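These protein sequence lines are chains P and B, in that order. Using the working numbering, read the first sequence as starting at 1 and increasing by one per residue. Using the working numbering, read the second sequence as starting at 1 and increasing by one per residue.
The hints are simulated quantities; they were obtained by calculation from the structure and are not laboratory data. Treat the numbers as computed from the prediction; the structure is a model and nothing was measured. Fair warning: there could be bad hints in the mix.
Repeated chains share a single entry, so a pair holds when one copy, or any two copies, can fit it.
[Claimed, not checked] Listed next, the in silico DSSO-like pairs over lysine-lysine satisfying Cα-Cα at most 27 Å (straight line):
1) 156 / 20
2) 350 / 121
3) 187 / 156
4) 271 / 422
5) 14 / 354
6) 19 / 275
7) 85 / 121
8) 271 / 217
9) 13 / 275
10) 422 / 284
11) 165 / 187
There are 2 protein chains.
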Amino acid sequence: MVQVNVTLTQTIKKLLEEKKFSTLRDILITMMPYDIAAVFEELQDEKMPILFRLLPKELAAETFVEMDENTQQFLIHGFSDSELKEVVDELFVDDAVDLIEEMPANVVKRILRTADKDMRKQINELLKYPEDSAGSIMTTEFISLRPDMTAEMAIKRIRRTGVDKETIYTCYVNDENNKLIGITTVKDLLLANDDDVVRDMMEENVIAVHTLDDQEKVAQMFSNYDFLALPVVDNEQRTVGIVTIDDAIDVIQEEATEDIEKMAAVLPSDKPYMKTGVFGIYAKRVPWLLVLMLSATFTSTIISSFDNVLQRIIILSSFIPMITGSGGNAGSQASVSVIRALSLGEIEFKNIFKVLWKEFRVAVLCGLTLAVANFIKLLIFDLRGYEGTGAPMLIALAVSLTIWGTIVMAKIVGSSLPLLAKKIGFDPAVMANPLISTVCDSLSLLIYFAVATLIIPQLTQI
Amino acid sequence: MVQVNVTLTQTIKKLLEEKKFSTLRDILITMMPYDIAAVFEELQDEKMPILFRLLPKELAAETFVEMDENTQQFLIHGFSDSELKEVVDELFVDDAVDLIEEMPANVVKRILRTADKDMRKQINELLKYPEDSAGSIMTTEFISLRPDMTAEMAIKRIRRTGVDKETIYTCYVNDENNKLIGITTVKDLLLANDDDVVRDMMEENVIAVHTLDDQEKVAQMFSNYDFLALPVVDNEQRTVGIVTIDDAIDVIQEEATEDIEKMAAVLPSDKPYMKTGVFGIYAKRVPWLLVLMLSATFTSTIISSFDNVLQRIIILSSFIPMITGSGGNAGSQASVSVIRALSLGEIEFKNIFKVLWKEFRVAVLCGLTLAVANFIKLLIFDLRGYEGTGAPMLIALAVSLTIWGTIVMAKIVGSSLPLLAKKIGFDPAVMANPLISTVCDSLSLLIYFAVATLIIPQLTQI
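Hey, can you work out the whole structure from these sequences and the hints?
Spelled out as structure tokens, the structure:
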């Protein structure tokens, strides 16, 4: 199995120094595009064009697609127009579009000028679709069949036209108006008799997506239905492209990363962590940190307005982090479960009462366990010095009741906010942990002071 | 596009009441297995066998695979032995293994008794592999070719033996000892001349995984290399099975869910949220809640040991939630970025110094922004009543310096702990937010009290 490790990259660097080009070529053609691209990222800039020119045409294009945008841009700058054309001609249209979306304007102009007329037209078509739509991730290169073909004719057509198609395994049957009327697979065609007609063997209940559908929905359909490719249709039900499973996997990974980032109060980023500069990361993180710090003013205000309570029994203040912490943890457990279930399409807004009822029962149980454990712990450890005052039992009771109330409140808040966000068209993941924590912090403090003043008589005696 | 919505399920229920079986059958055969399975989950138990018997054999098996385990188990109980055999015979071996792993012992016995001898052997082979290994998610049904076949012979072989194979599109070339020596695709075979020899067209640099490799690694390879299937070999490099991309997608989704759950201090669960009972969810959540509540004892202890400080300037205690909160947020931003980059294979332990240097610079910037914002906010709002005492400037300075120190500390802790966990063989995601928060909470309080006593003279005057 080929694996990129330092040694291989070092060998390649050494061979480059020594100008052993034919050995290098022999090594490169045994490698996968993804791994070759990884080697490029370890090279000094001036060595890149030399190494790139050693790659056979098709492998060069495939490797180019896997590179990060800095490397791509650097290479393009070094390319002659004919070299650029060679790479662009080998790209699939959707990869060319991805490239164009990442490059600065002057590079885009050069790419479009080099692409042949037909490809330029297709690229411009695809560029029209909004970001994150099915249209923006689809390719226009697919196998189209007519319903009256025989299996033999269909296979002949695939053998004639398949070279440039990203996938030949799913074939789309379109009528004379280019309306999608069925799909069939190479597997079915191969396993059929030569003179079976496509119309009779095609699957007529086609699942298709619209050009403007969200890419997350498209990716979810791949995972539900086990497709290798999914047709994309326009308003007139005409097949305008297909999304292939490799692009769907990228979307699934991206969306999961985005959800995770949002849950941790980071603005989502398109770039991998190690490729993002310090200022880039700063810009993604500082907004939420600021918002959350300022919103903690609520908690400060609540605490200072109960100054007098805290000053009477100062030990009460030492339990604040534990109470807000438990509330925050319980709330984020609930919100994350709900957000992930929303992302995977397992629940919708209409399930809100089912979810709340479930979370309520879980919360009662969790709260009970924590309250009992906390009560015992307080009496045995934390309140040891307090026996004389007669208060430890009451303090322990107040803190434990607060824990119970906080857990129940936090689970309800944590599970309902993401669902409400979804309902009013907000992103549920943005409502996640930190924002919910701030709400839970404030509420749990209010519960704490209410319960404490109610239960401990010393706090209300003047 | 077919979509399951309440109306369709209601229609089906009504048709079932009215015993309109042929209409029902007509509707069902237009639907995808995933959607039919969704309808079953809305049905009353006693209706299920009736509806299931309406499905054509192959569709029945495909639908069965998509059902949740309760529905599957209920249906199996109702099956006669010959009905069970019909379903089991149609299953792919890997799906049969998944089924067996979820069913109770008596059902497993029935399934194994019904399966034919060859399938039983394959099932038992697969059951031997550890959970989450490549062997446990692979299927043993794949197309095997010999190197000396011509393209024409190869296609003939595929047409003869392909019916039962999960994918025919990637074909594995094995020598006489069943050692994997190359792969080729149906695309290449179709686009080749009839008398081209497989040996000359096959790709010899095969990327394969070992039966015991972790499924997460396998899934990551699909996403890096855009494969449709990946061969699985044993110690002697013999091809024993393949992993197909649909199973890889499931693994990718599962692993992302698992990471998210761990980050939110929930023990990972195999089951979808809505399918897990209240006690199941309770059991997954309460352990971490307990651990974290008890570990908050550290924070309580720190606060109580600075009782005297807090009693002198009680307003200091009102900033505690903001300080620990900001630290927790900053830490989880860093940890989540690192954990996700580890999951996606973007960084490794050897990058730790690069990561720490990057996080340090980001932290200095974030900390500075927050400290300045906080300083201004404190002087303008929170400390208004304190002008007379001469202390507000010093209090604001102490709190702001603490914020800065806390952010830097939290980012360093948040980014290094997951990397260290990975290094010593722990799961980085388990080290995530809540555990890191507890560490950050304690450290930020220590910073707070140290800075405050250092800067504010009133706190140290006796």
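Quiz item: Between residue 13 and residue 275, at a C-alpha cutoff of 27 Å, which is it: within one copy, between copies, both, or neither?
Solution: Classified as within: same-chain Cα gap 22 Å, cross-chain 54 Å, threshold 27 Å.
Quiz item: Between copies, within a copy, both or neither: which fits residue 350 and residue 121 at Cα up to 27 Å?
Solution: neither (44 Å within a copy, 46 Å between copies)
Quiz prompt | Homo-oligomer pair classification [residue 284, residue 422; C-alpha up to 27 Å] | solution = Answer is both; intra-copy 23 Å and inter-copy 25 Å each pass.
Quiz item: With identical chains treated as interchangeable, where does the CA-CA distance between residue 271 and residue 217 reach 27 Å or less: within a copy, between copies, both, or neither?
Solution: So residue 271 and residue 217 pass the 27 Å test inside a copy (22 Å) and across (21 Å) alike.
Practice problem: Could you figure out if residue 19 and residue 275 sit no more than 27 Å apart (CA to CA) within one copy, between two copies, both or neither? | Solution: neither (30 Å within a copy, 62 Å between copies)
Quiz item: When no copy is specified for residue 165 and residue 187, does a C-alpha distance of 27 Å or less occur within a copy, between copies, both, or neither?
Solution: So residue 165 and residue 187 pass the 27 Å test inside a copy (17 Å) and across (10 Å) alike.
Quiz item: Are the CA atoms of residue 85 and residue 121 at most 27 Å apart within a copy, between copies, both, or neither?
Solution: within (16 Å within a copy, 54 Å between copies)
Quiz item: Checking residue 14 and residue 354: alpha-carbon separation at most 27 Å within a copy, between copies, both or neither?
Solution: between (64 Å within a copy, 24 Å between copies)
Exercise. At 27 Å max between alpha carbons, let me know whether residue 187 reaches residue 156 within a copy, between copies, both or neither.
Key: Classified as both; 14 Å inside a copy, 12 Å across copies.
Quiz item: How would you label the pair residue 271, residue 422 (within, between, both, or neither) given a Cα cut-off of 27 Å?
Solution: both (26 Å within a copy, 23 Å between copies)
Quiz item: Given a CA cutoff of 27 Å, do residue 156 and residue 20 count as a within-copy pair, a between-copy pair, both, or neither?
Solution: Neither way: residue 156 and residue 20 sit 44 Å apart in one copy and 44 Å across, limit 27 Å.
Violated hints, in rising order: 1, 2 and 6; the structure is consistent with all others.
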